[in-house]
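Add chain B to chain A, keeping to what the hints say.
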Amino acid sequence: MNLLANVFTTLRKVCGTLTGAVGLVIVLLVLGCAIFAPWVATHNPDALDVMSRFSRPTAAHWLGTDHLGRDLFSRMVHGASIAMQIAIASIAIALTLGTSLGILAAYLPARSERFVLIVFDVISSFPSLVLALAVVAVFGPSSTIVVFIVAVTLVPHFGRVARSQTLTLKSAPFLESERILGASWGRIVFHHVLPNILGPLVILASMDIPVVITIEAGLSFLGLGVRPPLASWGTLIQDGYTYISDTWVPVVVSSVALAVATLGFTLFGEALRDAVDPRIGREH
Amino acid sequence: MQADTLRYLTSRLVTTALIVFGAMLLLFTLSSIVPGDPTAVLLGPQASPEFSKRFISEMGLDQPIHIRMWRFFSNVLRGDLGTDVVSGRSVLGMILNVIPYTLVLTFSAITLAVVTGIPLGIFAATHRGTVADNILAFVSVAFIAVPGFVVAIFLLLIFAIWLNWLPVLGTSQSGTLLDEFRRMILPTLALALGWIGFIARLVRTSMLEVMGENYIRTSRAYGLSERLITYKYALKNACIPTITILGLGIGRLLGGAVLIEIVFARPGLGRLIYGAISERNYPVVQGAVLVVVVVFVLVNLIVDLSYSAIDPRIRHNTGSAGAVG
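Which chain is which? The protein sequence lines are A and B, in order. Residue numbers for the first sequence follow our numbering, beginning at 1 and rising by one. Residue numbers for the second sequence follow our numbering, beginning at 1001 and rising by one.
Hints may be right or wrong, so weigh each one.
[Stated by the list, open to error] To give an idea of the chain A side of the interface with chain B (calculated C-beta under 7 Å), a few residues:
1) Leu4
2) Ala5
3) Ile118
4) Leu129
5) Ala134
6) Met207
7) Ser255
8) Leu263
[Stated by the list, open to error] Label-pair distances were calculated between CB atoms; the ranges are:
9) B:Pro1100 to A:Arg114: 33 to 39 Å
10) A:Pro173 to B:Ala1309: 51 to 57 Å
11) B:Ala1137 to A:Met51: 45 to 51 Å
12) A:Leu4 to B:Ala1137: 30 to 36 Å
13) B:Ile1135 to A:Arg12: 21 to 27 Å
[As the list claims (entries may be wrong)] If you want the footprint, here are the derived chain B segments under chain A, 3+ residues with CB under 8 Å:
14) 1015-1025
15) 1270-1277
16) 1296-1304
To be clear, the hints were calculated from the coordinates, so they are not data collected in a lab. By construction, the Cβ of each residue, glycine as well, lies at the ideal position given by its N, Cα and C atoms.
Excised from the complex, chain A in its bound form (with noise of 0.2 Å):
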């Protein structure tokens, strides 16, 4: 009850700037187009429909064809999915495998401690879309693999503020005074250092969506990520690109599409950030 209380405030808070408040409105679309996709979308995605292909926005159409004729407004919605699922996906992973390690790392012995964070700038120096090139060479294209880079590139960020928050947590007195008492490692950390560092932990996680999002979305777009027929926002610029010659709308349907939830994201991440502690990835 309390936490939903905490939601709330922090919403309210957000809404209270014009950008935060668009954001917001821009997070909210974008998800439930994600969660609602059949309902939404008027037709199949992949319904193919040679017929009418390259048609202009209409009343059927709402958003026009593609060069198979299937539904550009569809298919963005369950884009829109897409993107969700990824980026939910990757960043929880990132989330908890970073913090485990950050965490951990402020409690092993220095040079332990040090490895980690060589660990850590080992994976940051490289560029991801350069590391995911590698990868996908490797592994081919897929859904998976581009959940799976994108975790690993976003581990080191979420362990570096987790061990740091870690680190000013330790020697708190409350701490102090609960180890005396005799709690054991797993209680002071689950108890006590994990609710009390997961909050800029959360904020990173909401400023990360967009990248997640840019990623997946260069990656398809060179045809390197999400498969076709899947309908990806990349896969979709994709399709727009190859055939813009013939019509400028899908491209730009879909590349609008993309750069508003982006932007979108990136609004109510940093409005959020802003309400709760303007200090956090500010680094960044």
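For chain B alone, kept in the frame of chain A given last:
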């Protein structure tokens, strides 16, 4: 002081070497777990058994893994990145052929971002709270949030297809500098736009932070002109985070350049990697990715060392500088 500097220098050099070593290890591991029979993938199903056998022994694929690893590491350290399995050319030569295109694109994008981002940031900071500041803040976020390849597609659509102002695809055919320059405009802009927004915001924030410091108040009390304070004292200190971010940003810029090169059909590292992936030419992918990582790490090292020279405070604060982001 002297010993301190030396220790900082050593620790940064060791970390850099470890990062390069880690990258090589990762690339080697990836190459040794390529699923399926490598010869079938590389040579195609029609290759005769004798030919596959010769190929395997030439590539050293029949050797035990530790020997292959040793070979890979010693070859890379001698500057030998292997040979392209398709054309038989040296991978390093292929990379050296295209790398100037990518570097020119990346550095012109950085230059454009700095030259426009910093003045915009100063303007926003000195006009804090005005309508212009608010508009600039929104535009900056929009620039940051929208992916570079989407910007590239829009620029292409507007300036090349609808307005027909600029030639867009590829590099210059005629080889004249002017033509090449015209073809550079859109890719540079597409790559730089996000960074313009980023730098403008960063400069604004750090300027406002610096403006609240005691020494600025003292300078004002001494009667120095506002212009002198803004440009000489505040800007100098506000630039330090900008330099840091740029160093870290080079990696992301290189990644972004990959996509931009493909949209605009420009030669470069990105197109090399992309082409190699489609023909499953792993040695080329491996070599090119390694080069990108090394360039990125070296730039970070240079940036780290140079800003610790500009601002000695940095050395003492952070154990592992450059570890952010």
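Consistency of the hints with the structure:
{"no.": "1", "hint": "Leu4", "result": "violated, 29 Å"}
{"no.": "2", "hint": "Ala5", "result": "violated, 29 Å"}
{"no.": "3", "hint": "Ile118", "result": "holds, 6 Å"}
{"no.": "4", "hint": "Leu129", "result": "holds, 4 Å"}
{"no.": "5", "hint": "Ala134", "result": "holds, 5 Å"}
{"no.": "6", "hint": "Met207", "result": "violated, 11 Å"}
{"no.": "7", "hint": "Ser255", "result": "holds, 5 Å"}
{"no.": "8", "hint": "Leu263", "result": "holds, 4 Å"}
{"no.": "9", "hint": "B:Pro1100 to A:Arg114: 33 to 39 Å", "result": "holds, 38 Å"}
{"no.": "10", "hint": "A:Pro173 to B:Ala1309: 51 to 57 Å", "result": "violated, 40 Å"}
{"no.": "11", "hint": "B:Ala1137 to A:Met51: 45 to 51 Å", "result": "holds, 48 Å"}
{"no.": "12", "hint": "A:Leu4 to B:Ala1137: 30 to 36 Å", "result": "holds, 32 Å"}
{"no.": "13", "hint": "B:Ile1135 to A:Arg12: 21 to 27 Å", "result": "holds, 26 Å"}
{"no.": "14", "hint": "1015-1025", "result": "holds (count 5)"}
{"no.": "15", "hint": "1270-1277", "result": "holds (count 4)"}
{"no.": "16", "hint": "1296-1304", "result": "holds (count 3)"}
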